[in-house]
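Protein chains: 2
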Amino acid sequence: MASDPEIQIKQPRTKRGQVTMRKLLDAATAEFGERGFHEASISSITSRAGVALGTFYTYFQSKDALFRALIVDLSGQIRADASAAIAGELDPLAIERRALHAFLEFASEHKEIYRIIDEAEFVDPEMYRYHYTTIAGRIAQRLRDGSKNDALRADIGEIEAWAIMGMNVFLGLRYAVWRAADDAGLDDVSRTANELLERGLSRGTSETAR
Amino acid sequence: MASDPEIQIKQPRTKRGQVTMRKLLDAATAEFGERGFHEASISSITSRAGVALGTFYTYFQSKDALFRALIVDLSGQIRADASAAIAGELDPLAIERRALHAFLEFASEHKEIYRIIDEAEFVDPEMYRYHYTTIAGRIAQRLRDGSKNDALRADIGEIEAWAIMGMNVFLGLRYAVWRAADDAGLDDVSRTANELLERGLSRGTSETAR
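Top to bottom, those sequences are chains F and C.
Heads up: the first sequence begins at 1 in UniProt numbering, then just goes up one per residue.
Heads up: the second sequence begins at 1 in UniProt numbering, then just goes up one per residue.
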């Protein structure tokens, strides 16, 4: 990935333009989430957004361009959500727990994100890769910061970042999107996953001694 | 998931029938992997398999039925591959390392499985869920066995199983399917991920004392 697709999404300059673009992106989330990319129509999206059909083309050149912008937008929402959840937290393991918990809540409230992001693998593979590569990059940066202050092992890096991202994505699929009534709550899920990150699965010496 | 879709796939009784079905499933792997479900055609699959078009319908009622059988088949191949890799291994953490390594090798040699299984989310959501639910079930069983013999913590279960599956899927995506020339080798990836499972990310007391 030589280029960062994020810079290709033009933001409207006026407040009113930003509001309209937000409406279109939210309508697109609902439309792509419910009907999938191929069945989704621009007229249905503008109708959901409550804007004129012609207005659409002021913002996006095509359905493909809108889809691309939507992946960037969802990635940004997930990032902003995680940032807010970990703000002020200094302990690197607590940061991962909070980030997972925030993601599980986000996925519970926006179950359609899985379908949209997973469809990008087929509709726009570059954006699919962009999405996961940028998230893994952020996790790797957090782990490096945690290593520096002696809380985490010094030898952790990109492999652990992809492992953690995979954990989080599948825990979200299972416990947010596919949630059953008698499932563990999101607090339990994020605490249990975090314990795995903290001390692994081995029965430690202290525990055996109990 | 009340019913197990696996039992719905009829196996041919004769050796010759089994060979033909294998050819059709392998041809379907190539066809769905390259062209995706919607673009894939039955005539192209029978042509790849070197069997007559009419023969197809002896085995499968439709492209949908073939796709369904293929997911069951790929799940079975992944299971058989993991079983062979962990045969005779008693240490539960070494079992997870070997299972991951076998999966990374399988994904390296069959990069199209990601596309096929991910497309099931759209083409046949029940099979998508079946695939991941059965894998998580197998991992959870291995973890319970490992807990019984005192090697693993006693309090681990389904959440850890989904976490491990997610790790493995995303490590396969990154280091097998999207592999770059200068990436860590599959041995390194499975060892590093296994260390995370063994002792977590924390800087242990022993390490700090060094």
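For the record, the hints were derived by calculation from the structure and aren't laboratory data.
Model, not experiment: these values are computed from the prediction.
Fair warning: there could be bad hints in the mix.
Which copy is meant is left open, so a pair is good if it fits within one copy or across any two.
Lysine to aspartate or glutamate pairs mimicking EDC-like chemistry, simulated, CA-CA at most 20 angstroms apart [claimed, not checked]: (1) Lys10 x Glu39; (2) Lys63 x Asp73; (3) Lys111 x Glu39; (4) Lys111 x Glu126.
Tested hints:
For the identical chains of this complex, Lys10 and Glu39 are neighbours neither inside a copy (25 angstroms) nor across copies (33 angstroms), given an alpha-carbon limit of 20 angstroms. Taking the shortest Cα distances, Lys63 and Asp73 sit within 20 angstroms of each other inside one copy (15 angstroms), while across copies they are farther apart (36 angstroms). Taking the shortest alpha-carbon separations for Lys111 and Glu39, only the intra-copy value of 19 angstroms comes in at or below 20 angstroms, while the best inter-copy value is 28 angstroms. In this assembly of identical chains, the alpha carbons of Lys111 and Glu126 lie at most 20 angstroms apart only when taken from different copies (17 angstroms versus 22 angstroms within one copy).
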